[in-house]
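Engineer: As a plain string of letters, each chain reads:
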Amino acid sequence: MGKGEYLGEFEQIVMIALAHLGENAYGMTIRGEIEKRAGRSVSIGAVYATLDRLERKGYVASWLADPTAERGGKAKRYFSLEPAGIIAIQRAREMLTNMWEGLDWDSHMRTL
Amino acid sequence: MSIRRRGGNSSGRAGKKAPCPPRLADLILRLLPELPRNIMRGDLVEEYTTLILPRFGKKEADRWYFRQVIFSIGPVLRGEIAGLRIPPKRRENIMETFLHDALYAVRMLRKNLGFTVVALMALALGIGANTAVFSVVNAVLIRPLPYEDPDRLMMVFESNPQKGWKQFVASPANFLDWREQNQVFEQIAATSRASFNLTGEGEPERIPGSSVSGNLFDLLGVKPALGRAFSTEDDRDTSPPVVILSHGLWQRRFGSDANIIGRTLTLNGKSSTVIGVMPAGIQYPGQSEMWSPLALSASDAAARGAHYLLVISRLKKGVSLEQAQNEMSVIASRLEQQYPATNSGWGVNMNSLSDRVIGDMGPSLLMLFGAVSLVLLIACANLANLLLVRGVARQKEIAVRSAIGASRSRIIRQLLTESVLLALVGGTLGLLLAFWGVRALVAINPSGVPRSQEIGIDATVLVFALAISFLTGIIFGLIPALQASKPNLNEMLKEGRSSTGSLRRQRARGFLVVSEVALSLMLLIGAGLLLKSFLRLQNENPGYDSRNALTMTLSLPGSKYKENHKRTAFFDQVLDRFNSMPGVESAAASTSIPFAGDFKWGFEITGRPPMAPSDVPSANYYAVTSDYFRAMKISLTKGRFFNEKDAPGSPRVAIINETMARRYFPDEDPIGKHINITNGPPAPREIVGIVGNVMLSGFNIETPAQMYEPYQQNPASSMVMVVRTTGDPMEIASSIRSQVMAVDSEQPVSNVKTLSQVVSDSIADRTFTVSLFGSFALLALVLAVVGVYGVMAFSVTQRIHEIGIRMALGAGRGEVLRLMMRQGMKPVAAGIAIGAAGAFALAKILSSFSELLHKVSVTDPVVFVFIPLLLGAVASLACAIPARRASKTDPMTALHYE
Chain A
1 MGKGEYLGEF
11 EQIVMIALAH
21 LGENAYGMTI
31 RGEIEKRAGR
41 SVSIGAVYAT
51 LDRLERKGYV
61 ASWLADPTAE
71 RGGKAKRYFS
81 LEPAGIIAIQ
91 RAREMLTNMW
101 EGLDWDSHMR
111 TL
Chain B
1001 MSIRRRGGNS
1011 SGRAGKKAPC
1021 PPRLADLILR
1031 LLPELPRNIM
1041 RGDLVEEYTT
1051 LILPRFGKKE
1061 ADRWYFRQVI
1071 FSIGPVLRGE
1081 IAGLRIPPKR
1091 RENIMETFLH
1101 DALYAVRMLR
1111 KNLGFTVVAL
1121 MALALGIGAN
1131 TAVFSVVNAV
1141 LIRPLPYEDP
1151 DRLMMVFESN
1161 PQKGWKQFVA
1171 SPANFLDWRE
1181 QNQVFEQIAA
1191 TSRASFNLTG
1201 EGEPERIPGS
1211 SVSGNLFDLL
1221 GVKPALGRAF
1231 STEDDRDTSP
1241 PVVILSHGLW
1251 QRRFGSDANI
1261 IGRTLTLNGK
1271 SSTVIGVMPA
1281 GIQYPGQSEM
1291 WSPLALSASD
1301 AAARGAHYLL
1311 VISRLKKGVS
1321 LEQAQNEMSV
1331 IASRLEQQYP
1341 ATNSGWGVNM
1351 NSLSDRVIGD
1361 MGPSLLMLFG
1371 AVSLVLLIAC
1381 ANLANLLLVR
1391 GVARQKEIAV
1401 RSAIGASRSR
1411 IIRQLLTESV
1421 LLALVGGTLG
1431 LLLAFWGVRA
1441 LVAINPSGVP
1451 RSQEIGIDAT
1461 VLVFALAISF
1471 LTGIIFGLIP
1481 ALQASKPNLN
1491 EMLKEGRSST
1501 GSLRRQRARG
1511 FLVVSEVALS
1521 LMLLIGAGLL
1531 LKSFLRLQNE
1541 NPGYDSRNAL
1551 TMTLSLPGSK
1561 YKENHKRTAF
1571 FDQVLDRFNS
1581 MPGVESAAAS
1591 TSIPFAGDFK
1601 WGFEITGRPP
1611 MAPSDVPSAN
1621 YYAVTSDYFR
1631 AMKISLTKGR
1641 FFNEKDAPGS
1651 PRVAIINETM
1661 ARRYFPDEDP
1671 IGKHINITNG
1681 PPAPREIVGI
1691 VGNVMLSGFN
1701 IETPAQMYEP
1711 YQQNPASSMV
1721 MVVRTTGDPM
1731 EIASSIRSQV
1741 MAVDSEQPVS
1751 NVKTLSQVVS
1761 DSIADRTFTV
1771 SLFGSFALLA
1781 LVLAVVGVYG
1791 VMAFSVTQRI
1801 HEIGIRMALG
1811 AGRGEVLRLM
1821 MRQGMKPVAA
1831 GIAIGAAGAF
1841 ALAKILSSFS
1851 ELLHKVSVTD
1861 PVVFVFIPLL
1871 LGAVASLACA
1881 IPARRASKTD
1891 PMTALHYE
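Those protein sequences? They're chains A and B, same order as listed.
Anchor point for the first sequence: position 71 equals 71 in this note's numbering, and the numbering is continuous, going up by one each time.
Anchor point for the second sequence: position 363 equals 1363 in this note's numbering, and the numbering is continuous, going up by one each time.
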């Protein structure tokens, strides 16, 4: 697996947010989902930059929808996970789980 | 601050009241590219109005909005930049991608064959012309001279500011003192023009060459290809005569004979031994084909008043031209004090060998290069326009490509691949044109361009052609690619009918037309001024008739024709034979003719107070046969021409020109006055006639004082023959040769040319500049007109529906025509206004280049009025054709037109 195919932490967060939101995943809702679940305040720009990167890697797809009045006449860009993205996020999760497995965490805590 | 959502409801109450996030934040947001900005702003506005504003109030919501904007700029810009880079995964496939792009480009270009052919033609012409001019610039200005360390080679001239002689050949005694006293030169050498009559080896031939100091080739850093160079021993007047041949002469005359060294040749009636052959390309000075040692005799070496040596030097390492000039000036003033009779008023003037070789051609060439670059720029604007137009037609294709996942950078790359590919193919065609063009250039003009034999397509030129092709592809492809890759998907979806494209695209096209028209007007006005000045020169009365006259040089070898009576007998016989030939009106001879090099001699007017030698005035001097004025058709102002009575024993006479009469006899009649010409023993000549001025080289310098003397009274060994014919002078050229051979079978005839050829050779560099500049201007005009037409024709096609509506609503044909013309001519008018201003600046530059504009003002009203009108007329014609088509539209057809 090439270096470019590992997912960064924020990339994972964004992808999981997409999975939670399903068909309602666009800029504002994704940002809100991350704030709600991770308790982390992020800028909309950071979210888009990450989504663009994931799109270039082929992990997410996007499409434009009609503009609405409440958005000041601007179009909405919806996002969804691609099959490659689903595989990548699962692999990231497995990797972490494998790393944790069989670890006697309590003994480490005692040495602190 | 952590702001939590109140709920999932995203419809809110928006729509009733317009949300108003802080304007300043929106302005900051404008730093971002349009597409991500719009979508992001949509999200921010939605969240601001539906969630943040109701919950936290205006002030807090505004602060939230600001924070969002500020912290978004960085990541988005970084992301955009990263998106333009090639992702690592694809880097390995770059070749594959490129091939794919290239193949696709080939398919697209083949699909639009009409466009491709027009584009290739424009590119081939633009790039070809640039490459051809560059190959001249390369040979003349860029490629170093074929000598070792050529930057240290300097010419050393004498100068006499009082007489207006900036660079004058040196006298032998001064040269020898320079060699003795200077500390700045590694070496210094002198050369003197010489010609060698080669006889006894087939047809006699006059070979141009030089007598040179023994160290010349060592100074230049040139080793002979065969044999050896001159030694100091060779450079003595007592040593046996030796010669060195140029590579060309060795090949041409001696069939590259490997055993040439040691062979004896008969030169000027004396035998000389060949000791060496120089490598190809070495012909210093001038176009020398043969060299002999200078071998100054003791009396030659003592001469300080006779100036005939061209001096070249090699600076010591680390010595600058300025330092050398300073030291030589000190030496010159020392000599001036030491030998006031000959040296007063004489200084030293140095310049580099390369400046001397390039001469006046440097600025002219750079100007031509500038002009041809403008032509390429116009071609680029033209192509960009065509591509913009095509971009509109390809909007759907590009929208589909981006819809199925092509990123913007991917689309730009694809479009640029197309334009670069187009430019490279055009460049290849251009290179072929350049091959042909360079040949034509060299053929137009062998004498007008220095180092013209070196002009050709070499590696440097190939790299240049490749580089400008590539650059051209990027330049004309970039704006259209940027425009086309930014399709507004929403508009695309909604738009059923095609239009003239976005306002921005229309503006880009207008801008391109304005610049094309402006650039081509600049070139046209420049060419107009040059042409007018050139024609004015040609129409000036030169003082003689150059039509139907043949000229040639006969140089008698000193050994065979030592005595004066032998020389006069030879020339008299030859002239008699010429005169008896059918088709010959009259034949005459002179020591030199206009444009073929002039001799200057000092003169004193008898009865006036004596002058210091340095104050003696000088005039161009000609020894002529009695028929010379009739053969040249030079007019007699006063007195008489020479006749047979002006023989060797008769009283000596002279004829002067109008300038000399006006300048030196302002208030008296020169006829009957006596002048003493300072060549040879003093003998006063009575002025018997005044003749019209004969214009000299380049036309545009004021005719100097000229004086004539009967050839019989002062015979020379080298004469230029002038044969006035009734028909085409070249027809008698071969029989002329045989007439000379009949008098002396060993006498070569050289420089056989018509008089008009001699004249046109003398202005060859000007002809070269004017004809090239003119063709570039014409090319520019054609390109600009094609551009105007293309834009107009496209706009008519795109607006046909609108025109249909207008006509259906009652607009007349005239109105439609006016509407379309107004639209088309607006950028043309702007271009003409800008171009006229630019042309004014260009003309100023032209006038500063060595008198390129002769008797023509930089603001010549005829040129500045006529040419813009001409361009306007041609452009309106280009507009009128499509506009007329628009006005003839049938409204019903137009309304149905999709």
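Treat the hints as calculated values from the structure; they're not laboratory data.
Check the hints yourself; a few may be wrong.
Heads up, simulated DSS-like pairs for lysine-lysine below, C-alpha to C-alpha not over 30 Å straight-line [unchecked claim]: (1) B:K1058 / A:K74; (2) B:K1645 / B:K1566; (3) B:K1566 / B:K1753; (4) A:K76 / B:K1059; (5) A:K36 / B:K1058.
In this text, all values refer to a predicted model and were calculated from it rather than measured experimentally.
Engineer: Give a verdict on every hint.
Structural biologist: Structure-based check of all given hints:
| no. | hint | result |
| --- | --- | --- |
| 1 | B:K1058 / A:K74 | 22 Å, holds |
| 2 | B:K1645 / B:K1566 | 19 Å, holds |
| 3 | B:K1566 / B:K1753 | 26 Å, holds |
| 4 | A:K76 / B:K1059 | 26 Å, holds |
| 5 | A:K36 / B:K1058 | 22 Å, holds |
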